[in-house]
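What follows is the residue order along each chain.
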Amino acid sequence: GQNIDQPTEMTATEGAIVQINCTYQTSGFNGLFWYQQHAGEAPTFLSYNVLDGLEEKGRFSSFLSRSKGYSYLLLKELQMKDSASYLCAVRDLNSGAGSYQLTFGKGTKLSVIP
Amino acid sequence: DARVTQTPRHKVTEMGQEVTMRCQPILGHNTVFWYRQTMMQGLELLAYFRNRAPLDDSGMPKDRFSAEMPDATLATLKIQPSEPRDSAVYFCASGLVSGQGYYEQYFGPGTRLTVT
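Order-wise, the sequence lines are chains R and Y. If you use our numbering, the first sequence corresponds to residues 13 to 126, in order. If you use our numbering, the second sequence corresponds to residues 12 to 127, in order.
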C-alpha cells in the first residue's frame with residue numbers, strides 16, 4: 013500500500029509564494045499528481061510528475077524527487093481564488109490490476125489572506 | 012466541453028433505504044472510478060472499472076455496496092441498506108488509458124449523500 017503525507021492546513025498572503033509538500037511511500041511508483049479542490053466542488057487536475065525535476069505551468073509548479081519520495085507544489089503570485097484544498101495523489105504499479113488507480117493524500121487546505 | 016456527470020447532486024434519505032447514484036463518464040474514456048470523500052478519511056477509492064469490467068472493489072463494504080457498469084455510458088453505485096456512516100460526498104471519475112504512459116482522471120461534481 014501507500015502512505016501519503018501532506019500538511020493539513022496552510023495560510024499565506026495574497027501576492028506571496030507558498031510551497032505545499034507531499035511525502036509518499038510506495039513500492040512501485042509510477043507518477044504523482046496534484047489536484048485542486050475548492051470547497052463543495054470536485055477535484056480538478058493541476059499537474060503530473062513522473063520524472064525527477066520541476067514542471068512549470070503558469071503560476072503553478074510541481075517538483076518531484078523519486079529517491080526521496082518527495083514532491084512539492086509551488087504557487088506564485090497568490091490570489092484569493094487560490095484558497096482551496098490541494099490533494100497529492102500517487103499512482104502505483106503495484107496498486108492493482110492495470111495500476112491506473114490513484115491513492116490520494118488527505119489534502120492541504122490553503123487559505124489566502126489579504 | 013466534455014465532462015463527467017453525476018446524479019443526483021444531493022440526496023437525503025433515512026437509514027435503511029436504498030440509494031442509487033449514477034455517473035456518465037466522458038465519452039471514450041475506458042476507466043471509471045468511484046470515490047467517497049469525508050473530512051476524516053479524505054478521498055477513498057471504492058471501485059474501479061476498466062472497459063466496463065470491475066477490476067478492484069476492495070475498498071467497498073460489499074455487504075451493502077455494489078457497483079456496476081451496465082453500458083459504457085453509465086456507472087452506478089448502490090447502497091442497500093444505507094446507514095448514517097455512509098453520509099459523504101461520492102465522486103465518480105473517468106480517464107482514458109491510451110498506452111502512451113500519461114494518464115489523468117477527470118472528476119464529476121459529486122453526489123452529497125446524507126443518511127439520517
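Some hints here could point you the wrong way.
[Stated by the list, open to error] Footprint (simulated), chain R over chain Y, 3 or more residues, beta carbon under 8 Å:
no.: 1; region: 20-26
no.: 2; region: 56-63
no.: 3; region: 91-98
[Said to hold, decoys possible] Residues of chain R placed beyond 10 Å of chain Y at every Cβ, according to the derived structure:
no.: 4; residue: M22
no.: 5; residue: T56
no.: 6; residue: D64
no.: 7; residue: T115
Don't read these hints as lab results, they were simulated from the structure. Using N, Cα and C, we set each Cβ at its ideal position, and we do this for glycine too.
- Message: Under the constraints set out in the numbered hints, which ones does this structure not fulfil?
- Response: 1, 3, 5 and 7
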